[in-house]
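Going by this note's numbering, 708 is the number at position 236 of the sequence shown; the sequence numbering is gapless.
Incorrect hints may have been included.
Unchecked claim - Listed below are the simulated BS3-like cross-link pairs for lysine-lysine, each with C-alpha atoms no more than 27 Å apart in a straight line: (1) K583 to K683; (2) K686 to K579; (3) K583 to K611; (4) K548 to K576.
Please keep in mind that the hints were generated in silico from the structure rather than gathered at the bench.
Source: prediction; values computed, not measured.
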Amino acid sequence: MSKLDIKSISFLDPATQSCPYEAYKTLRSECPVYQIPEVGFYMITKYDDARMVIKDTETYSNTYSHQQGYESEGVKRHSEIMNTEGFGKKPITLQRTDPPIHTKYRKLLNKAFTLSRVKEMGPYISDVVNDLIDGFIDKGECEFVSQYAVPIPCTIIADQLGVPREYLGKFKEWSDAMLIPASGMASVEEMENAARLEVESQHYFKSIFDKKRKSPTDDIISDLVNADFDGERKLTEDELQDLINQLLTGGNETTTSSIAHGMWLLLRHPDQMQKVINDHELIPNFVEETIRYETPVQGLFRTAMADSEIKGVKIPKGSTLLVRYAALNRDEEVFGNPETFDIERKDVGKHLAFGSGAHHCIGASLARAEMHAAFKYFFERIKNIELMRDLDEIPHHPSIFLHQLKELPIKFDRQ
473 MSKLDIKSIS FLDPATQSCP YEAYKTLRSE CPVYQIPEVG FYMITKYDDA
523 RMVIKDTETY SNTYSHQQGY ESEGVKRHSE IMNTEGFGKK PITLQRTDPP
573 IHTKYRKLLN KAFTLSRVKE MGPYISDVVN DLIDGFIDKG ECEFVSQYAV
623 PIPCTIIADQ LGVPREYLGK FKEWSDAMLI PASGMASVEE MENAARLEVE
673 SQHYFKSIFD KKRKSPTDDI ISDLVNADFD GERKLTEDEL QDLINQLLTG
723 GNETTTSSIA HGMWLLLRHP DQMQKVINDH ELIPNFVEET IRYETPVQGL
773 FRTAMADSEI KGVKIPKGST LLVRYAALNR DEEVFGNPET FDIERKDVGK
823 HLAFGSGAHH CIGASLARAE MHAAFKYFFE RIKNIELMRD LDEIPHHPSI
873 FLHQLKELPI KFDRQ
C-alpha cells in the first residue's frame, strides 16, 4: 500500500472515509498527530499515543464540546429543534463523562451486560438469528445488511430495553437519526430531519418511562427509571433520554457494521471464508479480526483540559482530539502485517475497537455473542455464498465517525 501526499488527504471526502487506510498509514509514518484542516480536530493515529490519551482523563476528558468556531448551520438548526420541540440540551452521562461520575452511571447498566448474563442469552440469541434466516433462506438470496445485519442487534437491544418489536423499523430510523450529527457530512435539511426524528423518539420513550415506573418488568428501562442514582435520587428525564440514546445507537449500529463487514471481507477473501466454513472454532478469532480490520467506530472524541504536547505537536487547551481507533488497529508497531486480513491472526487481541480502560464498551460481550451466532448459524444453514452484483464504487455511507456499508446483496444455496 503506497503512501499519499499529506496535502491530498481529506477526511471530509466520502472516498477517503470509505477506504481511509492509505491515509492512516501515511499519517502514522509522517504526521501521527494530524490536525484536520477543515475542522481543526487533532487526529491521533498511533496506538501508544492513543493509550496515553485514553488513560489520562484529567488532561484529555471524555466530555466533548464542539471545536470553538466550528458550528455549522445544520448543527445550529438541529439544536434549535431539539430545544423547542424535544428535551433540549443533553446532559452528560455515560459516554461523555470521566470517572468517578462515569462509574456511577455505568453501575446502573452493568448487570444487563455481564458475561454470565450474555451466556444465559445464548439460546435466545440463536432463536433471533435463526428466525431471520428462516425469512429468506428459501429465496436463495438476501440483502445481507437490511435483512440480517440490521435486525439482529436491533431486535436484541429492543427486547433488552423492554419495548415492543413492532417498533423495530422506528428504532433503526431513530438510531440512524441520532448518529447523523456526528457524521460531519449532513446537509442542513438532513440535520433538521434528524432532529425531528430524535424528538419523535424522545416523546415515545417518555411514554415508556412513565409506563415502566408504574408497572416495571424485567428489562433495562424498568431498572433505569426505578433505580436510585448514587443512592440519592432517581434519574432525571434528560438523563434517561441520554442513556437510551447511547444504548440504542451503541447496541445497534456498531454491531450491524461488524456483521456486515464480516461477510463483506469473507467474500473478498474466499480462502478465509473456506477456513471459517471448514472450522467454526475459528469464528471467535474471525470476529476479532473483522472489528480490527474494519473498525466500526472509526474514532471517538476527547477534549484537552490543559495545554499539552503529543509527539512534538502542541495541543492548546480546549482543543478536540479524535482518537482514531481504525488507525490504531493497523499500527505496524503493534500488529504484524496489519494490512492483511487474517482470521488466524495471533495478535488480534490487542485491537482497541471496543475502547480501553473505564470506557471499554459496556456491550462488548453482547456484541461478540451476536456476531458469533450470526456467522455460526448462517454457515450451518447456507453455502455457496456470492455477491449478486458489484457494489457502488464508494460502498460506505459518508461519515467522519462511523463505517457503515450501504448494502450487501448476496445469493446462496441452502445446506
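Going through the hints against the structure:
1. K583 to K683: Distance of about 22 Å is within 27 Å: holds.
2. K686 to K579: holds (23 Å)
3. K583 to K611: Not satisfied, since the Cα-Cα distance of roughly 40 Å exceeds 27 Å.
4. K548 to K576: violated (31 Å)
Against the hints set out earlier in the document, violations occur for numbers 3, 4.
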